[in-house]
Amino acid sequence: MSASTTQALPARAPRPRRSSLRSWRWSDRLVYLLAWLSGLSLCLVAAALILYLGVRGIEYVSPSLLFSRPTAGVDQSQIGGILDPLLGTLLVVAIGILLATPTGVCSAVWIVEYGRPRWLARAVESSIEIVAGTPDIVIALFALTLFQLGAFGFLSFTAQGGGVYGRSFLTAGVAVSLLAIPPVFLATRDGLQALPGHQREGAFALGKTRVASIRRVLLPGVRPNIGTGVTLGMGRIIGDTAIVFLLLGVGASQRFDFQGGTPGLGALRGTGSTLTSYIYTTSPAGEGNAPQKAYAAAFVLLLMVLALNACAGFVSARGAGGRMSFGDRVRFGAWA
Amino acid sequence: MAYPESARQTFRPQRMHDAPQEVPPVKRIVLDRTPTAVPPPAVDGDGAPRRRPAVAGPERLRLQGVSVSYAGKAAVKDVSLSVRQGEVLALIGPSGCGKTTLLRTLNRLTELTPGAAREGSVLLDGHEVHELADTELRARVSMVFQQPNPFPMSVFDNVAFALREQSRKRPRRREIEPQVIEALRRAGLYEEVRGELHSPALRLSGGQQQRLCIARAIALRPEVLLMDEPCSALDPRSTETIEQLIGELSRELAIVIVTHNLQQAHRVADRVAFMYLGDLVEHGEVEQVFRAPVAPRTRDYVKGVFG
Amino acid sequence: MLERLRHPWSDRRAELVLGAAAASVCLVIGLMIAFVAVRAWPTFAHNGLSWLGPGGNTEHQIGKMLYTGPHPPASAYHLSAWPLIYGTLLTSGLALVFGMTFALLAAIFLVEFAPLTVRRVLVPVVRLLAGVPSVIYGLVGILVLAPFVGNHVISPAQKRSVEYVVQLDGTGLIVAVVILTLMITPIMVALIADALSTVPTAWREGAVALGVNPLRATLAVSLRAIRPAIVAAGAFACARAVGEAVMIAMVSGGNAFTPKPWDGVVFLFEPLLTLAASILNNADALSAPAVGSTMNAFALLLLFSAFVLSLGSYLVKLPLRRYHAGLR
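Same order as they appear, the protein sequences are chains R, H and B.
Okay, so the first sequence: first residue is 235 according to the working numbering, each after it adds one.
Okay, so the second sequence: first residue is 105 according to the working numbering, each after it adds one.
Okay, so the third sequence: first residue is 1405 according to the working numbering, each after it adds one.
So that you can see chain R by itself, here it is in the shape it has in the complex (with noise of 0.2 Å):
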């Protein structure tokens, strides 16, 4: 049994001997076939739809589509642009995330470094968990029938009759911050809980009151972390489609609509389109006779997403407690 080998040392040992995949099981062999046919066909999935939508953007975006407006007539292929609904994009993204912001901010900081009532605390927890959990058709619904209450006729148009409209940029901004509210409260509490607890002991140990130690120390310690809460919240709020078509209102001109009054306050008050609904409305499912522009419009979509996601994860590799996981990134900001 034991063989008394007499042969010279191998200089290297020979390469080790793996189990070969005839000795697995069968159904062993056939799990990994299909995992990597799965993993591969992902990939594919993934090349194919990214190239069949740049190669139909590319062929109908041009500079002039960008920047001229929608305009009204019988052949859509050739004549309009984009324009406004881009613009509306940018508007509704910047009032969503303006609102959205310290309210999640502020949010985290009262749950991480407060907390007390701890009814409040948990229910706060439980609502930013709702509102996560909530399909955005359901917030529009809400927000629509609130909006249409007299009380809030200021943020739309009021008819005559007194029948709030209850759709503009103002009401969408509104109602699309409820999205990006549990990103941007969900990455700040991460990232205030995995600082390191002798930096808030240090600074309370200095004297300075609680709210000194967290504006000063804690809070710019985590701003990487609320810049990727931010990213992933625009990029919920430029997927939504739900909402800004129910509080932007069928628009037929897909324009800005202004509200009257002061120019700035007009366009927030009145309607218009952004991209999501822009290209609903072009889809055949909507009116649909410029499947041109819908690819058009969908390919600037695309690249604006492409760009945030590598924002974000350019973001989160400095933020505290190190670069957000995989999972995380994904379940905070994919609800678009």
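Some clues are possibly wrong.
[Claimed, not checked] Stretches of chain R that chain B covers, calculated by requiring three or more beta carbons in the stretch to come under 8 Å of a beta carbon on chain B: (1) 378 to 385; (2) 426 to 434; (3) 463 to 474; (4) 504 to 514; (5) 534 to 546.
[Stated by the list, open to error] Counterexamples of contact, computed for chain B against chain H with all Cβ distances above 12 Å: (6) Val1432; (7) Val1442; (8) Pro1604; (9) Asn1617; (10) Gly1668.
These are computed hints drawn from the structure, not numbers from a lab.
Quick caveat: nothing in here was measured; it's all calculated off a predicted structure.
Glycine included, each C-beta is placed from N, C-alpha and C at the ideal position.
Keeping the supplied structure of chain R fixed, place chains H and B upon it in accordance with the hints.
The following block gives chains H and B in isolation, referenced to the frame of chain R:
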């Protein structure tokens, strides 16, 4: 800073004009210029009575000139040892001397680390381990780790794990139940978990979990059992139980145990190999190495253990 | 006033302000549930539980509601929501089943077998797919997939066989399920792959040291260890699928028809409608009280389903906790 050439200094020399200071004794292991590897003595120890009859069976494992390096840095340099059935070989040495690396090389677990390279040969019953399939090798050379790591399943499923996964067709519970009970009995755990084979394994105490891991490792009836500091995370009672277990198991298996506890090595081992910074400094019968070590470094390391 | 803001704030004031911000979120959510429930009440009051049952074409019923003026009689609220509920369950259920299988296999591939270069490509790709807006998926579905199915997959004979009831033009069950699966799979892949990579290495090493090949170690140990995470991923993806409105509205055919499995292969091509898509479709008619109430009732159902999903995943995870002392 030049180390003194001669042997250990336990106190720093007191200078007359210094203020008298209490300096705690400094114990140093002196670095020789050339490492000395000492071949095992031809005769049995110093005649002291052995605590256990040495029933040495056939040679199971033989290491010849084994060197292991991680990403270019050598962790183990040129070790040659032999392990026989019925014997317990203890690998001792200070932290970082390569004993765990050497242990993990025996069942090719070092391959899990990228950048690991091995030279020399390890023969299991005469066959080079690299030529065996890794799954087959590990069925014959089992390992127990430092931290008990029972799977998040029931006690029965833990022990049955290797039995189920190693066979081509998934065996039925009735077929493997006797083997599971046998393994639990040999590990000394059966009486304690008799009625609760299906309770979660993570609910057991630390000592019980480690014995469960031992039962799991011996369920397939391996030829060699590798143990990486199995008692370092346990309390003294559990340690004692496991040491008794090692004694009983060593009759049918060859056991290689890594330990930093010299008393434990003295209690359980038949042969001891002392390693230092990757070199095998000395190996031989346990009594000889502990009572009359040949190499100076061994002397420094085991000095004071037995007065 | 800004001057006052700039002075160092007291802790008490800061706590109140921050707490108010946090409480406002609670308030908004509470308002939302209250509004939806109150608005939905007339529908349930007039219909009772039979509202959930089958009985006629939902779209027609909604159409009739449009003309009922500001104070509709009780009969105007009549609706049978079952076709929509069935559509929702069918699409989400099928998408979940296919998606979960696919996601488990892809996650195992990602963590176990993928060579490093493939992994570095696949992770951003999955993240991107998870973030693509649903309207783009809908666009691709309606401009590419549906015409393909309508022109090349459905045979004229099949179209004729049901032409008295519905028009088969490609939009329907199979396109909706395919795209919905595509939408929820990346989310599940990300969550499951994340969980797989955080399984303690001690278990992995222990399994490998016992002589099982790496795939077996993953299947037998790691997957068992992350069962709670798999349940959570499934619940999350299911909630996403149930709430999807835009994409479904674009590709599902917009007809509140109940696809019948006993129709054979044609079953796959029949159109349908879901609760969320129906709300979207009738968004411009919300001023009619009957329609508004019905839509709010749908929304209430959707909220309720999200609640049921989260409760369900909690219940399913409970027995799994026995074996997972210490693992989240």
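Verification of the hints:
| no. | hint | verdict |
| --- | --- | --- |
| 1 | 378 to 385 | holds (count 3) |
| 2 | 426 to 434 | violated (count 0) |
| 3 | 463 to 474 | holds (count 4) |
| 4 | 504 to 514 | holds (count 3) |
| 5 | 534 to 546 | holds (count 6) |
| 6 | Val1432 | 40 Å, holds |
| 7 | Val1442 | 47 Å, holds |
| 8 | Pro1604 | 8 Å, violated |
| 9 | Asn1617 | 5 Å, violated |
| 10 | Gly1668 | 37 Å, holds |
The structure shown violates the earlier hints numbered 2, 8 and 9.
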